[in-house]
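Asker: Listed here are the chains, written in short residue letters.
4 protein chains.
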Amino acid sequence: EKPLTIIAGPCQLESREHGLEVSMALKEIADRTGAGLVYKTSFDKANRTSLSGKRGLGLSASLEVFNEIRETSGLPLLTDIHTAEQCAIVAEAADILQIPAFLCRQTDLLIAAAETGKVINVKKGQFLAPWDMPNVIGKLTGAGNPNVIATERGASFGYNTLVVDMRSFPIMKQTGAPVVMDATHAVQQPGGQGGSSGGQRQFAPHLARAAVSLGIAGVFMETHPDPDNAPSDGPNMIPLYRFEEVVRDLMAFDALAKSNPVIQL
Amino acid sequence: EKPLTIIAGPCQLESREHGLEVSMALKEIADRTGAGLVYKTSFDKANRTSLSGKRGLGLSASLEVFNEIRETSGLPLLTDIHTAEQCAIVAEAADILQIPAFLCRQTDLLIAAAETGKVINVKKGQFLAPWDMPNVIGKLTGAGNPNVIATERGASFGYNTLVVDMRSFPIMKQTGAPVVMDATHAVQQPGGQGGSSGGQRQFAPHLARAAVSLGIAGVFMETHPDPDNAPSDGPNMIPLYRFEEVVRDLMAFDALAKSNPVIQL
Amino acid sequence: EKPLTIIAGPCQLESREHGLEVSMALKEIADRTGAGLVYKTSFDKANRTSLSGKRGLGLSASLEVFNEIRETSGLPLLTDIHTAEQCAIVAEAADILQIPAFLCRQTDLLIAAAETGKVINVKKGQFLAPWDMPNVIGKLTGAGNPNVIATERGASFGYNTLVVDMRSFPIMKQTGAPVVMDATHAVQQPGGQGGSSGGQRQFAPHLARAAVSLGIAGVFMETHPDPDNAPSDGPNMIPLYRFEEVVRDLMAFDALAKSNPVIQL
Amino acid sequence: EKPLTIIAGPCQLESREHGLEVSMALKEIADRTGAGLVYKTSFDKANRTSLSGKRGLGLSASLEVFNEIRETSGLPLLTDIHTAEQCAIVAEAADILQIPAFLCRQTDLLIAAAETGKVINVKKGQFLAPWDMPNVIGKLTGAGNPNVIATERGASFGYNTLVVDMRSFPIMKQTGAPVVMDATHAVQQPGGQGGSSGGQRQFAPHLARAAVSLGIAGVFMETHPDPDNAPSDGPNMIPLYRFEEVVRDLMAFDALAKSNPVIQL
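Top to bottom, those sequences are chains A, B, C and D. Per the numbering used here, numbering of the first sequence is gapless, rising by one per residue and ending at 265. Per the numbering used here, numbering of the second sequence is gapless, rising by one per residue and ending at 1265. Per the numbering used here, numbering of the third sequence is gapless, rising by one per residue and ending at 2265. Per the numbering used here, numbering of the fourth sequence is gapless, rising by one per residue and ending at 3265.
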């Protein structure tokens, strides 16, 4: 099994400068720690809690920046797509296309994403059981694309709360897809601040470490130079200046987990 | 307050003949019972559990049939839309556009739907609290369309199970939007049959009646001449030959509820 | 089917005077409305959220008052028991023994309660499914007592929140036991005020009416002359001066429900 | 911080021979692995799903065996108590008294247990949030006993399902009490087999390891020489012949976790 991959970046592409700055900082962390790093960014936050939430640079302005980030940093880039039409266009400037959790059952979107031939990261909907994911993944592989990643980002638990069921990792692993823990969205409190989502960033390192201890392929964590002033997901992003520390912590547990598969009873 | 509206029809538009047959049967029920009736149909089931699920006639073939149904039956027609692009096109052949629950936070879809000027019925996501709905409704009214209906269809409750919280009706009513109970989707068991959703149609009359007793604007119920052989949602649809009975039952409770507002403590 | 029974009273027996005053007020409501009324009171609140919560008059001081209440008001009396030892003693002064929800799987308590020969009202644990109740009821009937009532008081739904699943009424009814809706505990917010439970009394009339519309045997509602200053459950009890209004409302829906059994599909 | 403690044993004391055999086997595992080991046993299963479930040897027959186990194996012994009256009696033959999850809010039981002066292990109720535990622990410490352990055993998640929220460990740790993961009860499926609980023993090693990676005081795991024929909890107990392997696995993660406190953001 390969060592842990870290998928990281700010919630949204705020500007060209911001994207370049954060990606270069993450590139340096990757170099220093030896972690495999994928740069995550969003050209559009298409499902903000309320209409007034900022949505990012937009598709056309972002693609050029995406390519600049890829060239400058040398990091592979992941971004999320929201409509079937976007898939082929975005595939020009991204290495991994991500299906948002709310959209993980939208058949046309999944097929269009799969048909780009890019790696597809599909997030498990907050409304799905882990054993529902073979049907989701089957829509992607059924469209001819075997390169699928499955991401856990928490399940609905009562109102305005998510919970991560650690059983979801071994269950999703049975699909054969690499499994990723989205540690910063899993600590969201959806709708928890009225017009936007709250979050508990303090628990992201716990959830990430617990999942990594089970031997997973990767961890997804949003990070930002100044989370408290970020346009979205501020309450759950990890401050960039603490990010290397978190990565090193997870790599230590990953090494132990990868050399000790969980006991099968 | 107006008497109860019933939104009814089969899960998907299976064929022109099927659509005309069911809509005429419902028109007759409306005439005999005095119920306000809206015909519900879908041109595309865009989020089936698995790739092999049938999806319906498709957009272009459906619009003509929609208009034929409206003209023949005289019933207003509701259908669900899945992308922003569909909204203006579908608005030519429908009276009410419906936002599916999984898509209730997709800002562009909501705005495009709102901008058609049609009545919009938005379903509360399985992952939302009732008090999150003002943000959803605000995306529609903020786009200039005040004609919004809010529908309860159950909240995620553990795995493969939904629960209807009766408090959601008074809470959503505070938005000023008419509130509807979707009694047949609320008894779905998402993913409960492996490659498709299960359902408990036997409890739809209970959930509908309980909600109606609180004084709501409408009930949404899918019905089919032969549910057990329907291409989707069979386990939860109400057999058409029992439908009038269910409508009469609900109208009796609606009359009592509308003349007795729930006591405010 | 018999008309609706109302089980009502304050959360705890605060004093002899308090008990007599409230029971007489309820007796008068019963007379005026024709409702079957059972007086509910507790000699001990054995599971308060925190140590500092008041617990009531205690067993020995209460029994005499219980009998005085029964004689003065002529109402049957229900009280909850917490240990097997209490059952036979309390049975001297009560008509119905109630098994608290947290204790509904404590076999010895159930058997001891059953062996008193009194009617037993067992509350469904917040951690149980409605289809788990035959096992609970079977412990009581297996001990030779067929007179069992089953009460819904909400199921755990995430943290500090309960939800009432309306399907639980038809499911529990299949056991043959009369089924009761506990409308004021179902709107508790367990632990919601830190050292005590919060509550949403404003939704008790909604939950009660929705359940009654399904044709149930009874409604349990705590009431108090001054809920905001009550030693326990204040946030969810119904003010006594509004109680008659609530009872009349429920009786109207009960009459309609009892003459219209829910449609069986 | 001290290395991991393992609390282990079969669900119930089936016989003197059975208890001696398993405790000696566990003692040998403790010696070979260096783990701190507490022997867990139950004299009475007081809350079986149904009346027909076996309950164990009973109190009086068990105490002598308990003492024999303690002397023979040299292991400290933990057992659960169900009534206030049992506490002082059982304290004669046990080192740790355990409060069952369903009973964690029964004030009298907690006080009586605390007053024995023994170490008290209180399980978090399936219906509680982790932040509700200070009130529970406060009942014990308020009765003069500071030696309290808090155990996570899963929270209700829909019907017949539990979920472990990994955030509960850091939250409960804030109380100052040592925190334990009950890995075999957390994989129970309450009521999942109709007349008894089902279980998913295959996930116990995952939940245990994930929790241990967060740096906790101990893991509770039931084990049995022949789980599939055990009188209770068979589906979730760990076969005794695999137990040493599980312990060694957890000790490796414990060592890493204890030398790397989770990053505080």
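To be clear, the hints were calculated from the coordinates, so they are not data collected in a lab. C-beta: ideal position from N, C-alpha, C; glycine also. There may be inaccurate statements among the hints.
Said to hold, decoys possible - Under the rule of at most 20 Å between Cα atoms (straight-line distance), these lysine to any residue pairs were calculated in the SDA-like manner:
no., chain 1, residue 1, chain 2, residue 2
1, D, K3054, C, D2031
2, A, K54, A, G194
3, B, K1173, B, L1256
4, D, K3258, A, G194
5, B, K1258, C, M2251
6, D, K3173, D, T3005
7, C, K2054, D, T3141
8, A, K54, B, L1256
9, B, K1002, B, A1143
10, C, K2054, D, L3063
11, C, K2173, D, T3005
12, A, K54, B, A1143
13, D, K3027, D, P3076
14, C, K2258, C, P2003
15, C, K2002, C, D2031
16, D, K3173, C, G2195
17, A, K54, B, I1111
18, A, K258, A, G194
As the list claims (entries may be wrong) - To spell it out: a stretch of chain A is covered by chain D in this simulated footprint if at least three of its residues, at any positions, have a beta carbon under 8 Å from a beta carbon of chain D; those stretches are:
no., stretch
19, 35 to 48
20, 199 to 207
21, 210 to 216
22, 244 to 255
Asker: Hint by hint, say whether it matches the structure.
Answerer: For each hint, the structure was consulted:
1. In summary, the hint linking D/K3054 to C/D2031 is not supported, as the alpha carbons are separated by about 49 Å, beyond the 20 Å threshold.
2. Between the alpha carbons of A/K54 and A/G194 the distance comes to roughly 15 Å, so the proposed pair stays at or under 20 Å and holds.
3. Between B/K1173 and B/L1256, the direct Cα distance comes to roughly 18 Å. Compliance with the 20 Å bound is thereby established for this hinted pair.
4. Proximity of D/K3258 to A/G194 is assessed by CA-CA distance (about 39 Å); at most 20 Å being required, the pair is judged violated.
5. Taking the CA atoms of B/K1258 and C/M2251, the gap is about 16 Å. The hint holds against a cut of 20 Å.
6. With a CA separation close to 16 Å, the supplied pair D/K3173 and D/T3005 stays within the 20 Å bound.
7. Proximity of C/K2054 to D/T3141 is assessed by CA-CA distance (about 18 Å); at most 20 Å being required, the pair is judged to hold.
8. Restraint check: the Cα-Cα separation between A/K54 and B/L1256 comes to about 46 Å, which exceeds 20 Å; the hinted pair is violated.
9. About 26 Å separates the Cα atoms of B/K1002 and B/A1143, which puts this hinted pair outside 20 Å; it is violated.
10. The hinted pair formed by C/K2054 and D/L3063 fails the criterion: a straight-line CA distance of about 35 Å is larger than 20 Å.
11. For the suggested pair C/K2173 and D/T3005, the alpha carbons sit about 47 Å apart, so the restraint of at most 20 Å is broken.
12. For the hint pairing A/K54 with B/A1143, the CA-to-CA distance comes to about 16 Å; that is within 20 Å, so the pair holds.
13. In summary, the hint linking D/K3027 to D/P3076 is supported, as the alpha carbons are separated by about 10 Å, within the 20 Å threshold.
14. At roughly 7 Å between alpha-carbon atoms, C/K2258 and C/P2003 fall within 20 Å of each other, so this suggested pair holds.
15. Restraint check for C/K2002 and C/D2031: satisfied, since their Cα atoms lie roughly 17 Å apart, inside the 20 Å limit.
16. The straight-line distance between the Cα atoms of D/K3173 and C/G2195 is roughly 19 Å, inside the 20 Å bound, and the hint therefore holds.
17. A C-alpha spacing of about 15 Å is found between A/K54 and B/I1111, which places the hinted pair at or below 20 Å, so the restraint holds.
18. Of the pairs offered as hints, the one joining A/K258 and A/G194 is violated, with about 41 Å between alpha carbons and a cut-off of 20 Å exceeded.
19. By the rule of at least three residues with a Cβ nearer than 8 Å to a Cβ of chain D, the coverage given for the stretch 35 to 48 of chain A is violated, with 0 such residues.
20. Evaluation of the coverage hint for the stretch 199 to 207 of chain A: fulfilled, as 8 residues show C-beta separations to chain D shorter than 8 Å, against a requirement of three.
21. With a threshold of 8 Å between beta carbons, the proposed coverage of the stretch 210 to 216 of chain A by chain D holds, since 5 of its residues qualify and at least three are required.
22. Check on the stretch 244 to 255 of chain A: 5 of its residues sit with their Cβ under 8 Å from a Cβ of chain D, so the three-residue criterion for coverage holds.
Checked against the numbered hints listed earlier, the structure breaks hints 1, 4, 8, 9, 10, 11, 18, 19; every other hint is satisfied.
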